[in-house]
Amino acid sequence: MKARLAASAALALGIAIGGSGCAMLTYQATTEKYDASDGVSADVGALDVRNVLVVSDDGEEGNLVLSVTNTSTDDETLSVQFVDAGDTFEIDVDGGDTVSLGTAEEEPLLIENLDAEVGGNVTVYLQAGSAEGVEIQVPVLDGRLPEYEDLVP
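Residue numbers (the working numbering): 1 to 153.
Rather than coming from a laboratory, the hints here were simulated on the basis of the structure.
Built from N, CA and C at the ideal position, the CB exists for glycine as well.
Be aware that a few hints might be false.
With beta-carbon atoms standing in for the labels, derived distance ranges [to be verified]: (1) S8 with E147: 54 to 60 Å; (2) D94 with Y125: 56 to 62 Å; (3) L13 with D75: 51 to 57 Å; (4) G119 with D94: 33 to 39 Å; (5) G133 with G95: 19 to 25 Å; (6) R144 with G96: 34 to 40 Å; (7) E132 with S37: 23 to 29 Å; (8) L5 with D48: 50 to 56 Å; (9) S37 with N113: 24 to 30 Å.
Dumping the calculated EDC-like pairs for lysine to aspartate or glutamate here, alpha-carbon to alpha-carbon at most 20 Å [stated by the list, open to error]: (10) K33 with E135; (11) K33 with D43; (12) K33 with D48.
Generate coordinates for the entire structure from the input sequences, incorporating the hints supplied.
Below, the structure is given as structure tokens:
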């Protein structure tokens, strides 16, 4: 009787380990941070910059769309520099707050001399306080998709 019980327990344990063993050894995509939308993201000091993209119909003038979350309790300023266009913007973010810019509800943040190809990327340099700056490649999209048609300048 005891042998039968021990064999049943061992079999159940073997099935449980065999059934879940693949998950123990395989890569888990949910543990990685990635950009789930069309924009790109970066962390600059205490600022989490998310879903950065430019919406433009002609590649000459663009609307900068992004969200910035300040993970600290201190107020921070994000400097956004378009390397080729020469435009620089400063965005103030209160401690613990999130700021979204360029959306249909917000005033557009216009880049006048974008000089980019729609469907391509522009180089943007992000800097916050004394933290090391980050250079990112930001996609330039047009208003063909319904979610971006209201964002075209």
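Status of the hints after comparison with the structure:
Between S8 and E147 the beta carbons are some 56 Å apart, a value that agrees with the proposed interval 54 to 60 Å. Separation of D94 from Y125 is about 23 Å and departs from the stated range, judged on CB atoms against 56 to 62 Å. Checked against the hint of 51 to 57 Å, the C-beta distance between L13 and D75 comes to roughly 56 Å, which is consistent with it. Range check, G119 to D94: about 35 Å between beta-carbon atoms, so the 33 to 39 Å window is met.
The given range of 19 to 25 Å is respected by G133 and G95, whose C-beta atoms sit roughly 21 Å from each other. The hinted range of 34 to 40 Å is satisfied by R144 and G96, whose Cβ atoms lie roughly 37 Å apart. Our hint of 23 to 29 Å for E132 and S37 holds, since their Cβ atoms are close to 25 Å apart. The hint said 50 to 56 Å for the Cβ distance between L5 and D48, and at roughly 54 Å that hint holds.
A C-beta distance of roughly 26 Å is found between S37 and N113, which places it inside the suggested range of 24 to 30 Å. The hinted pair formed by K33 and E135 meets the criterion: a straight-line CA distance of about 18 Å does not exceed 20 Å. About 12 Å separates the Cα atoms of K33 and D43, which keeps this hinted pair within 20 Å; it holds. Only pairs whose Cα atoms come within 20 Å are accepted, and K33 paired with D48 is accepted, the gap being roughly 12 Å.
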